[in-house]
Amino acid sequence: MPDPSAKGVIHDLGYRHYEGERLGRAQIVRALYVDSAKGAFGIGRSAKSKVMPMLVLGAICLPAVIVAVVASVTHLDRLPGGYTSYLVKTQALIMVFVAGQAPASVSRDLRFHVMSLYFSRPLQRVDYVAAKLAALATAVFVLCALPLTILFAGALLAKLPLSEQLPDFSRSVGGAVLLALVLAGIGLVIAAITPRRGLGVAAIITVLAVLAGVHGIVQGIATEQGNDSVAGYAGLLSPFSLVHGVQHSTLGADTVYPASPPGMLGAWVFAAVLVAVVGGAFGALLLRYRGVRI
Amino acid sequence: MNATVARLTARSLLGRRRALLLLALPAILLLLAGLSRALAGREDTTTVGMLGGFALGTVIPLLGLIAGTGAIGPEIDDGSIVYLLSKPLSRSSIVTTKAAVAMAVVTVFGAVPTLLAGLVLSGTGARLAVGFGLAALVAGVAYAALFLLLAVLTRQAVVVGLLYALIWESLVGNFVPGAQALSVQQWALSITERVLGTSTAARLDVDAAVGVTTGCVLLAVVIVGGTWYAGRRLRSLRLTSDD
Amino acid sequence: MAVLRLDRVSRWFGNVVAVNDVTMEIGPGVTGLLGPNGAGKSTLIHMMGGFLAPSSGTVELDGEGVWRNERIYSRIGLVPEREAMYDVVTGWEFVLANARLHRLPDPEAAARRALATVEMTEAQDRDISTYSKGMKQRVKMATALVHDPPLLLLDEPFNGMDPRQRLHLMDLLRAMGDEGRTVLFSSHILEEVEQLAQRIQVVVAGRHAASGGFREIRQLMTERPHQYAIRSDDDRALAAAIIAQPSASGVQLLARGDVVSATGRRDTSSALHVQATDFAAFVRVLPRLAQEHGIRLYEVTPTDESLESVFSYLVAR
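Residue numbers (the working numbering), protein chains in the order written: chain F, 1 to 294; chain S, 1001 to 1243; chain A, 2001 to 2317.
By construction, these hints were calculated from the structure, which means they are not laboratory data. Values in this document were obtained by computation on a predicted structure and should not be read as measured data. The beta-carbon is built from N, C-alpha and C at its ideal position, and this holds for glycine as well. Be aware that a few hints might be false.
Anything over 10 Å on all C-beta distances counts as not near chain S; from chain A, calculated [what the hints assert, rightly or not]:
#1 V2003
#2 S2132
#3 Q2195
#4 D2233
Computed footprint of chain F on chain S; a stretch qualifies when at least three of its residues, placed anywhere within it, have a C-beta under 8 Å from a C-beta of chain F [unchecked claim]:
#5 1010-1021
#6 1024-1038
#7 1136-1148
#8 1188-1201
#9 1209-1220
Could you put the whole structure together from the sequences, leaning on the hints where they help?
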């Protein structure tokens, strides 16, 4: 006969409390990073979310495949176009990728107010920001580096000398790293302040396209005026030309735009601005997420 | 056409963040035009480049995207469109009103500034301002209608629209000659070509892929047909939950 | 008078059948649409409101189909489940806009009346984005009432309301039902439906499981034995007498402290637990038995008369 003063009974349904080892903060960050990087290509997400990134990835690799095949079949003595200019020519695709995937990475968490789920774990705001930024940068880097690698492979298959190809390829890959960081930073900042679906995409593409357009116009005017230094500094206006400027003056790649950063000072200014943009983006994201209500 | 729907659409389209984007685009265009005129003086080729390339090629499609999807997309997305659908109001009148608001926004923020930029750049001569202003007007209206339809068809309208604008209008358009005939930009450009007259157009390398009649007809088809079809699709819109 | 008729309505999405051959008639008064989450209540309400076409069957309001019939919305007031409204306008502007969209002859007066009915007049000049969940729900009600519709459809209207707002809304809906309007609301919370609805339509897994008042539903399910808790001055003797009867299928003698009464309180006295297969006969025979054996009955309580047990029975079926 049960005790009438007994308050209640918890039944044993076989639920086991976890007493074992719990992975730490570093593993959480790593898991978030890997998941976000894969999610940028739709891996681990629904089939619909794979369409756009895969389409863009295919579109950006296609010309590279064609060039590689043509080069090896017709035994050209150098790759038509080269590595550095490839990313400049396909910048529209890269812009669309960033515009689509940056909101997919951070806007949903903000829109549906689930940030509290993240921060109730041993995950700091700086961890979240760093993981998301690194993840999108990695995805953009893969998007840029894959066609470059295809070109490189094609060049090797065409029996072009490795000693010529390798430095160019390495420089362009270095440029891809910088481009990925800059675009991911800008994209995530804009996405984090426009949680409404659709607006983030529109805002990012507007910013990137307008900056590119403005750069083209200003550089055009300056070149026509014969004002080479202004034309060179105009490269600071657009992320693509900024990265390219650093790539050219610091890494020594070939120039693609009509004007390049003038002299030693130009090289320093461009490098400094690039670092400032990436750092500023990181800081802006930290500020944004500091204000997130749990 | 319904005044209340128009008012509600205008209020949500011109809400803070979207309005910022909408204002920034013409502001930058006019700034560049002023800069160019001040530094480089009157140069017809520069004008064509800026109006044809930047205004018609970048600003107008972007405005069409922002206004066209913004006129109905957010309401479908968060479900507040049910308040319009649960009224004795025909679906086509809802869509027509929203399309009209979007088109007006694109005209005010896109076509008029293009005209002004043209005037700043080349004065009232050479008909460049009028030619490109008209092209911006019809292209903007067509883009707004297209993107509104897209927003009714899919929740991913902005991304799909971007992919269309990019991959179709620039990449395919550049590599597949026939495809150029199916580009809103080219249709609009045909009007510019006509306004400029054959000799000026040839001199400035303004060459549309279609003639002016074809261009206008196709534009009308897209504008009217797009809006009509959007109204039809709205009748079968499924009100789903989030996502 | 608005009568909503669903005739053999089914709706499937690909391979998933959300609503399976439902026939029901919703008349004046308050009807509760009850069912667990995922039972198809929202789908049904969407079909009733003309926002979804039935895959088969017809939905008619007073003989007129509701699908693709925009004119019928002057007779339907809908309170949707989702929270989102036009955030950038004030409550007053929003209700007024709804009144105008209904082409009412005097939209301002109608909006004022509707906002007064839901007690939102003080807050009406604030932006909707500043409203709490309950206030938004009340504005939704106002938009549904502004055109004085004979049919009101409410999808989970009590979601997120605090007890005071709930009571107020229940009073409002009861008043609407008493006026002769047809009010249909959906819920998965049994207490709400029990307190408010005059008739209940139970939907489980897309099928129309039961309809009627909940007591009627209960009484119809005679296969399931009714449970009673009886307290008397001689339980054992009573138990022996009861089990001899054909209308009872089981008795259980519960000692002190074992009995949990229908209100959930623990009883400190002993009691008799009876399972009756034929409750009509049992309730007639019990007083006679008690009198014959000289036993005094202190308490006879049905222990499963609540909607809870009805519901769990239907769900488990």
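Comparing the hints with the structure gives:
1. V2003: 20 Å, holds
2. S2132: 18 Å, holds
3. Q2195: About 27 Å separates Q2195/A from the closest Cβ of chain S, which puts it past 10 Å; holds.
4. D2233: 58 Å, holds
5. 1010-1021: With 3 residues in contact (Cβ-Cβ under 8 Å with chain F), the coverage given for the region 1010-1021 of chain S holds.
6. 1024-1038: holds (count 6)
7. 1136-1148: violated (count 0)
8. 1188-1201: violated (count 0)
9. 1209-1220: violated (count 0)
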